[in-house]
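Trainee: Top to bottom, those sequences are chains A and B.
Okay, so the first sequence: first residue is 1 according to the working numbering, each after it adds one.
Okay, so the second sequence: first residue is 1001 according to the working numbering, each after it adds one.
Keep in mind that the hints are not guaranteed to be accurate.
What the hints assert, rightly or not - Restraint ranges, calculated between C-beta atoms of paired labels, are given here:
1. ARG1177/B with LEU120/A: 47 to 57 Å
2. ILE149/A with ARG1129/B: 53 to 63 Å
3. SER92/A with ARG1106/B: 33 to 43 Å
4. LEU120/A with ARG1106/B: 57 to 67 Å
5. GLU1166/B with SER300/A: 24 to 34 Å
6. PHE39/A with SER1162/B: 26 to 36 Å
Since the hints were derived computationally from the structure, they do not count as laboratory data.
Ideal Cβ positions, reconstructed from N, Cα and C, are used throughout, including at glycine.
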Amino acid sequence: MDESRSRPKRPRTLPDPWLCAIFIAPTVLILTLMVFYPFVSLIRYSSLDFSMLRPDVTPVSVGWSNYIDLLTDKDIWQRFVFTGKFVLATLSIQFVVGIAAAHGFQRDFRGRDLLFTLALMPMMFCPIVVGFLWQYMFNSEWGMVNWLISLLGIAKIDWLGKSENALWAVAIADAWTWTPFVILLATAAFRGIPTDIRESAQVDGASPAFTFFHVTLPMSLPIITIAFLLRLIDAFKQFDLFVAMTGGGPGSETETAAYSLSKMAFGYFHTGQASAFAIILLVLILGLSMVFVRYLTSLSNRI
Amino acid sequence: MATVEIENLKVLFGEVTAVDGFTMTLRHGEFVVFLGPSGCGKTTTLRCVAGLQSCTSGEIRFDGKPVTNLAPAQRNVGMVFQFVSLYPHLTVRQNIAFPLRARGARRAEIAKRIDRVAEVFRIGDILGRYVVGLPPGARQKVALARAVVREPAVLLLDEPLSGVEEQYREEMRWDLRHFQRELGITTVHVTHDQREAMSLADRVVLMRDGKIIQSGPPAALFDNPTNRFAASFIGSPSMNFLNLKVEANGLGVASDQTLRVSAPQEVIDRCRAQGLNEVMLGIRPHLVELVNGATVAKNVWPAQLIDAVLVGRDLQAEFSLDGQTIIAELPFDADVHGTTVLRLPPERCFFFGPDGSRLG
């Protein structure tokens, strides 16, 4: 007892800078190995004519020509256009359906909690499983979707064989998986609006629709924007569903940019060109994200 | 402007009766304050008038027309909530315009009305600002402006000043009074602060347990409380209450019956008629007099000083009368020390039965 009391209050330790260094070291090490080194090599490879399959061949520096080749390639532009269409389609479905459903869940009805839990389920499936599931659903001969529309007296649709149809088929599958995420975040946003504000709108004579579009939705924008940003980035790099549902076909018409990239890198092993492609994608996503982050900052300064 | 009639209003929350047979009529342009402790049903009654709360039974009429089953939007009421409920994503101008836009008013009409309320509430300089960052007083003015911009039949205020800091509250009280006079809108204001109620109201409605205890002009509630609850709830510092014993030859202080009490004959008669042994005397602190050197007589008693505090220009002194406490509000230079002789002016004393009812 006495002995312990006579000791200095602080046990003798290493100086603070050393301690900090020790604690940070593992993270720095992992980041260096997993992020920093690959990123630097990516930039380096993007300026080389290099293939991973032939490590013995000394890579030749080609300057910007990988970028120039890619950006002047009509097929690559087609991939970006297709990716853009897909992103637009899937995000539209996710946000319209998700916000509408979240609005519906604001009301108190019997079995709401059960239904809410069920509605969140698709998000928990493994993406490749979702892809195969929907591939069966959209099968033009014996798929569930064509059976359902045949009940309505509509002719069978070749869902996965034509690129315009396949775009929507995959967008629907993607939206099915990720709409729950939008429901979840939109519900959180709606619940965050104080009761006084809702009642105030009622007394002010606002109809439910007016309240929704002029109070609920604008006040939920910060959270909905975050959801949008996350979904945008994810949709942009969508890959699994196309692998499972269309395999990129017919031809390479339903390849997204990310799909083409993976083929270029691990199909043809054009490592140098694929690196340049990856950097173009990165810049694109960073640019888009920055627009939204700016917008988000301006929103949260007010609300 | 409208008259508001509330008839036999009853609200049950499950087993709990929140409002129990509330009946009153508000005149055109009258400023009425619902006052009472929390849980007395004052806010529930207000919410019934707004239409935010449905009542179990009873009827509410504006200008004679029943509105009991109408939604808030159809009632033409303006309301200011306890916690400021301005729309944070809109500017002050857009906030005030909201009730007009919600009803599809024309642009020119909206601009005209906003200019008018901005002038009344002196908020013209902040119309372009967002609500976040405005001082609380300014926010409340904006909330009031939004509530009255549509010229509602009734203005409902649910503890609008409770979120405002003490230093601004006084100023806001004056403002509120002036705005209400200027606009002439029938107003119901809910508060638990009796000082706020007394300074604002044309008529105060004191409530407890969902019932009206007393209703009338502030002075009437102060000078003529209907029972012990009304007497103790209104006035600051609170009224003094002393336990008395009823004896054959009149009333005496319970703890020391040699201290005699002067009471009107009717009070003594009522005590006898009701067979009461104990009654209570009430007197407001500012009416207690210091009469040093006087001889002990009816209502003139020696008391021990416990403590004294100078509050502004008043000396608040706490005395013990054989264990019973009396607070007196005396002039700041009053000579209080040790044993002091106090006088309770008999004509200013109230008498209450053990159940709190007024005897005289």
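Trainee: So, for every hint listed, does it hold in this structure?
Mentor: The hints, checked one at a time:
ARG1177/B and LEU120/A have their C-beta atoms about 53 Å apart, which keeps the hinted 47 to 57 Å range intact. A C-beta distance of roughly 54 Å is found between ILE149/A and ARG1129/B, which places it inside the suggested range of 53 to 63 Å. Checking the proposed 33 to 43 Å range against SER92/A and ARG1106/B shows it holds: the Cβ atoms sit about 34 Å from each other. Here the CB-CB span from LEU120/A to ARG1106/B is close to 45 Å, at odds with the stated 57 to 67 Å.
The beta-carbon spacing between GLU1166/B and SER300/A, approximately 31 Å, falls within the hinted interval of 24 to 34 Å. Look at PHE39/A against SER1162/B: about 56 Å separates their beta carbons, and that is not inside 26 to 36 Å.
When held up to the earlier numbered hints, the structure conflicts with 4, 6 and fits the remainder.
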